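J.: Protein chains in written order, with the numbering used here: chain H, 1 to 675; chain S, 1 to 487.
It is possible that part of the hints are untrue.
[As the list claims (entries may be wrong)] List time: in silico EDC-like cross-link candidates among lysine to aspartate or glutamate, alpha-carbon distance up to 16 Å: (1) H:K198 x S:D33; (2) H:K348 x H:D308; (3) H:K341 x S:E28.
[Unchecked claim] Counterexamples of contact, computed for chain H against chain S with all Cβ distances above 10 Å: (4) E87; (5) N111; (6) D364.
[Said to hold, decoys possible] Cβ-Cβ distance ranges computed for the label pairs, FRET-style: (7) H:N638 x S:L310: 47 to 53 Å; (8) H:S226 x S:E404: 55 to 61 Å; (9) S:N36 x H:I404: 45 to 51 Å; (10) H:V223 x S:L310: 39 to 45 Å.
Everything labelled a hint here was simulated from the structure, so no lab data went into it. If you're wondering where the values come from, they're calculated on a predicted model, not measured in any experiment. Beta carbons: idealized from backbone N, C-alpha and C, even for Gly.
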Amino acid sequence: MYNNDYFRNNYKLNTSYKFTDNLQVTVSAEYVKSGSDNRRFTSSSDFIWAHRHTDYNKLKDWRSYYAIQRETFRPGDDYPYANWQHEYFSNPFFLQDVYTNANDKDRLLGNIALNYKISEHFSVMLRSGTDFWSDTRRDVTGVEFTKNNVKRFGSYRETVISSQETNSDVILTFDKDLSSSLSLRVQGGAINRVNNFKRNSVLVGELTIDGLYNLGNFASPVVPSSMIRQQVVNSVFGAATIGINNALFIDVTGRNDWSSTLPVQANSFFYPSVAVSAVLTDMFDFNTRILSFAKVRASIAQVGNDADPYMLNQVYRAQGLWAGTTPMYSESNAIANRNLKPEITTGKEVGLDLRFLQGRIGVDLTYYHQSTVNQILAVSISNASGYASQTLNAGQITNQGVEIMLSGTPVALPNGFSWETQLNFARNRNQVVALAEGLDNYILGVQNSLTSEARVGQPYGTLYGRRYQRSPDGQIIYRNGLPQLDEGTHAIGNIQPDWIGGFSNTFRYKRLALSTLIDVKMGGDIFDVGTGLARKTGQLAETAFGREEGLIGQGVMNIGTIENPVFVPNDVIVDATTFWNNQNPRTYHEAGIFDGSFVKLREVALSYTFPKAFLGNRYIQSMRLSVVGRNLAFLHRNHPHIDPEVDMKGGNAQGFASGEMPSTRNIGFNLNVSF
Amino acid sequence: MKRTLKTYTLQVVSGLFLLLAACTSEFEEMNIDPNNPTQISPALLLPFAIQTTADRYWGHSTRYERLNIDAAMCWVQHLSRNIYINAEGDNYEIPLTIASSTWQRMYNDALINFEKILELSAPDAPYANPNYEAVGLIMKSFAFAYLTDVFGPIPYSDALKGTAETAINAPAYDGMETIYAGMLADLALANEKIRIGRDAISGDILFQGDMLRWKKFANSLALRLANRQRAQAPAASEAILKKIFSDPASYPVFTSQEDFAQLHHVDVIGSRNKMFDVFSTRSDWNISSTLIDALLQYEDERITIFAEPLADGSYRGLPNGLTDAAANEIDASRIGLYYMRPEAPSILMTSTEVRFIRAEAALAGILSEDPEALFAEAIASSFAQYGLEMPVDYPSRLGALSMESLMTQKWISLFGQGVEAWTEMRRTGLPKLPPPHPDATFVNEGVLPTRIEYPVSEYSLNRSNLDGGISKLGGPDTMRTPLWWSK
Numbered sequence: 001m002y003n004n005d006y007f008r009n010n011y012k013l014n015t016s017y018k019f020t021d022n023l024q025v026t027v028s029a030e031y032v033k034s035g036s037d038n039r040r041f042t043s044s045s046d047f048i049w050a051h052r053h054t055d056y057n058k059l060k061d062w063r064s065y066y067a068i069q070r071e072t073f074r075p076g077d078d079y080p081y082a083n084w085q086h087e088y089f090s091n092p093f094f095l096q097d098v099y100t101n102a103n104d105k106d107r108l109l110g111n112i113a114l115n116y117k118i119s120e121h122f123s124v125m126l127r128s129g130t131d132f133w134s135d136t137r138r139d140v141t142g143v144e145f146t147k148n149n150v151k152r153f154g155s156y157r158e159t160v161i162s163s164q165e166t167n168s169d170v171i172l173t174f175d176k177d178l179s180s181s182l183s184l185r186v187q188g189g190a191i192n193r194v195n196n197f198k199r200n201s202v203l204v205g206e207l208t209i210d211g212l213y214n215l216g217n218f219a220s221p222v223v224p225s226s227m228i229r230q231q232v233v234n235s236v237f238g239a240a241t242i243g244i245n246n247a248l249f250i251d252v253t254g255r256n257d258w259s260s261t262l263p264v265q266a267n268s269f270f271y272p273s274v275a276v277s278a279v280l281t282d283m284f285d286f287n288t289r290i291l292s293f294a295k296v297r298a299s300i301a302q303v304g305n306d307a308d309p310y311m312l313n314q315v316y317r318a319q320g321l322w323a324g325t326t327p328m329y330s331e332s333n334a335i336a337n338r339n340l341k342p343e344i345t346t347g348k349e350v351g352l353d354l355r356f357l358q359g360r361i362g363v364d365l366t367y368y369h370q371s372t373v374n375q376i377l378a379v380s381i382s383n384a385s386g387y388a389s390q391t392l393n394a395g396q397i398t399n400q401g402v403e404i405m406l407s408g409t410p411v412a413l414p415n416g417f418s419w420e421t422q423l424n425f426a427r428n429r430n431q432v433v434a435l436a437e438g439l440d441n442y443i444l445g446v447q448n449s450l451t452s453e454a455r456v457g458q459p460y461g462t463l464y465g466r467r468y469q470r471s472p473d474g475q476i477i478y479r480n481g482l483p484q485l486d487e488g489t490h491a492i493g494n495i496q497p498d499w500i501g502g503f504s505n506t507f508r509y510k511r512l513a514l515s516t517l518i519d520v521k522m523g524g525d526i527f528d529v530g531t532g533l534a535r536k537t538g539q540l541a542e543t544a545f546g547r548e549e550g551l552i553g554q555g556v557m558n559i560g561t562i563e564n565p566v567f568v569p570n571d572v573i574v575d576a577t578t579f580w581n582n583q584n585p586r587t588y589h590e591a592g593i594f595d596g597s598f599v600k601l602r603e604v605a606l607s608y609t610f611p612k613a614f615l616g617n618r619y620i621q622s623m624r625l626s627v628v629g630r631n632l633a634f635l636h637r638n639h640p641h642i643d644p645e646v647d648m649k650g651g652n653a654q655g656f657a658s659g660e661m662p663s664t665r666n667i668g669f670n671l672n673v674s675f
Numbered sequence: 001m002k003r004t005l006k007t008y009t010l011q012v013v014s015g016l017f018l019l020l021a022a023c024t025s026e027f028e029e030m031n032i033d034p035n036n037p038t039q040i041s042p043a044l045l046l047p048f049a050i051q052t053t054a055d056r057y058w059g060h061s062t063r064y065e066r067l068n069i070d071a072a073m074c075w076v077q078h079l080s081r082n083i084y085i086n087a088e089g090d091n092y093e094i095p096l097t098i099a100s101s102t103w104q105r106m107y108n109d110a111l112i113n114f115e116k117i118l119e120l121s122a123p124d125a126p127y128a129n130p131n132y133e134a135v136g137l138i139m140k141s142f143a144f145a146y147l148t149d150v151f152g153p154i155p156y157s158d159a160l161k162g163t164a165e166t167a168i169n170a171p172a173y174d175g176m177e178t179i180y181a182g183m184l185a186d187l188a189l190a191n192e193k194i195r196i197g198r199d200a201i202s203g204d205i206l207f208q209g210d211m212l213r214w215k216k217f218a219n220s221l222a223l224r225l226a227n228r229q230r231a232q233a234p235a236a237s238e239a240i241l242k243k244i245f246s247d248p249a250s251y252p253v254f255t256s257q258e259d260f261a262q263l264h265h266v267d268v269i270g271s272r273n274k275m276f277d278v279f280s281t282r283s284d285w286n287i288s289s290t291l292i293d294a295l296l297q298y299e300d301e302r303i304t305i306f307a308e309p310l311a312d313g314s315y316r317g318l319p320n321g322l323t324d325a326a327a328n329e330i331d332a333s334r335i336g337l338y339y340m341r342p343e344a345p346s347i348l349m350t351s352t353e354v355r356f357i358r359a360e361a362a363l364a365g366i367l368s369e370d371p372e373a374l375f376a377e378a379i380a381s382s383f384a385q386y387g388l389e390m391p392v393d394y395p396s397r398l399g400a401l402s403m404e405s406l407m408t409q410k411w412i413s414l415f416g417q418g419v420e421a422w423t424e425m426r427r428t429g430l431p432k433l434p435p436p437h438p439d440a441t442f443v444n445e446g447v448l449p450t451r452i453e454y455p456v457s458e459y460s461l462n463r464s465n466l467d468g469g470i471s472k473l474g475g476p477d478t479m480r481t482p483l484w485w486s487k
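All chains should be built: construct the whole structure from the sequences, respecting the hints.
T.: Below is the structure:
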């Protein structure tokens, strides 16, 4: 990547000292210094808005053309760089040169632990660890230019973030084999977690001296902002593991948390778990030549969670100054909830692990069902309520699925050649079972008014938006040669894949190993605004067709009346610009829906382990050299243009894309040396 | 041995509990938001809410959200687009985000804050002050009028109650008749509540705390709304028009440029005129040939304000609804430098409009005054607004006074207030727009949009109430179903 860098240096110290036979103290510390002069490429959406004829070499070498091009600037305009045009598109190389995002981060991790063995079976550990970091970021957001006789100033933002998490705990452990067939391990303890976070940020909207990025260099009032978050969670917990005949294991845990983020009357919550696993082959001693190992496992576990800080009270938010003099505040768009409760997730899982032929073939099956009650969500509500979202304890949200793993070693020859293979399959389904009184829809994400929604009782992640009018047999209805939109919104896709899977193979021969990994995602739609827009702008190859003579959309047109339609094939020619504009996904959402399936050759790695003799000294224990290629090829995809493995928004808002940088293929060398 | 261990464990664990209990006592204090206040004076809420209202009404600078500049001003053919004509409004196709952002920002940034001001300044509230109440009522009516005139039936009585005692997060829709009655009642109440010379307010970026001007705004806005609903509620509307115009002592209205409801901008980021922000960064608009031709026909000097001359000193407009390619062939006038000033005001309502309403009422026989004289005063007021003087013979250039000539002049005078101009065009069907240019293509079946469609979010989040709203609308949720006051 052009003008982009990153560095990181780690310094680590681990030390342990035994004061007596019973007392051991361990201290570790790590300092990490990282930073960048320009962290990323801030996309200029080249694949949507650049022209096909743009010569990127010339754009990159813009300084050589600047003087010539400056002569051609429209009267009243002046820009600090050369571009192929200045109205709709910025030179991405100039952006990358000047609109930099630098940062400088210091991180310190420290840990001290004291282990004291009270007796043979009884010990206590006291431990405290902290993770502190501070990050200073400088983002250039504008440079000086003149347009339409109006001078615009440079601008930048400086942000300092500091964060600290400190965990302190005490754990008592009792560990004893009560008899030859019964073992017991009991733990009890307490944890204290403290989180502190602060972000101070100043936006200098107008710089006096362009290019001098200093907070004192302001030409008009700067905009400071500050955010503080503090949170403490205290916990006590107990756990017991009972082992019977080393074949049947029972785990029981219980934990109670007190969190500062919940209302005082509801800030304590308890969550237990029970897990049982049994190695059937050992218990019943039926291990045969074919079935060599069989284990079943089952568990029920609860996990409790608190809220983010400050969600209980309705607040007003600062909105800066009007005219540089009058302070402005407004009601927060989010409705707070002073009756928030902790959220509790109950997970049930059963699994079966079978191995055949002395482990040459293995099967692992898992079914899980998670149900979260009182999940703390900011749920979108009608803006007409005066607010955009409401923080609530959602009734019930479930997540269930199956995972299947087959593994095997089909070939293992005495000459050292072996082939190991593994096949994974997983299918997961989320569902909103109940939300809250009067609310039945949880919006996961929004783009251009298309929404990804989890309606109560409906499939999770359904995309609702504008669709084309279609005839009874499913053909798009054209009018005057253009596709028409249906009124209102409709389900036009779903983000959830039917299944995901992986297929990995490793071939070894003596010191050589070749491994491959194929990743599969089948089904699941994406709303890709970028591809739709790049068709509208005529960037993509398919838009060349009919550019001179116009084109006829594939579908039908109604030559009857609205009440009694008569559909015949569409035969109206429209010019290409108009035609592709009606595929503009900002309005014609359906035109932005693509299948997100892919089969990718994710990784191929070839490695060679050097013989001990070659290393020839006692300091180097082992050495391995590998060539690793990642994201090497698509074996299958239905999307005609982009890598459908995109995530524009993150979090719950999966399945959105808009002109992201393409994913990269990379090939690298690894040298692993152990001393 | 075992017993001692047990006792020891118990001691440690109960000690821990005590320790934790001591820590948790500070939890409540720790969870008080150190970033945002929970208590506030109306003076701090007023400026942001006024600014949002003016911003959405007059300009707004975010692309795909500019209802006034990209939709309304193009639809009344004050402006025309020279690029993206077929995707951003000019050919009647608008980005969905125009509806969703107008809806969201008006309810969530403007109206809710006016509602909070009313709450905080009510007689038994912490900041009891009838003048804040009056300001809240007036601005709430202005904002609701803007929304209902754009969408039709909207949540009104049930709206803004997300944090009320009995909270409503999915409010029902009211018909426009109910909303208009509610707004007119609120404006009358505001006129009564205002106390001039006491109960000072601050944070008032519109009138700098001048309560007489607020009183004038309340009554002028009541005139606008009464005149708008005149065909549907003639008796009530005529009574209001007569009452206000005949008793200026009890019901003062805007009479001069000094009275205007207009937000004064300053040349500071975020406080500049939004038309300046938009037109100085992009060059995608020209003045519509419809407006230029009308101004040239009347030899109207206001053309020098609205439009920039071409290099040869002449003015030329760009027809609406062309293809980008066709528009590219035409060298047309751009918006006048008057609007390219960061300090140009955002206008919410003028005394010129009050004069046009008065002339219309006289023409309709509601007031027994001379409509011709009132009409001439209204036009003169529009000229004066830009520091121009109406030529003495100007009214004679317009032919006989009729609704057509009156509405044509009102249409010219509303340049910049595109939504108001569009609303008046929808109400009266006047002035009639010229036939489309041969190279122009309009969607929406070629019909001038009668409204904009409800935001998609209401389909997702408030469906059953939305369905009620659509049935009150009396037609499908398209840009072709006429609104109540135009039927």
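J.: Of the numbered hints stated previously, which ones are contradicted by the structure, given in increasing order?
T.: 2, 4
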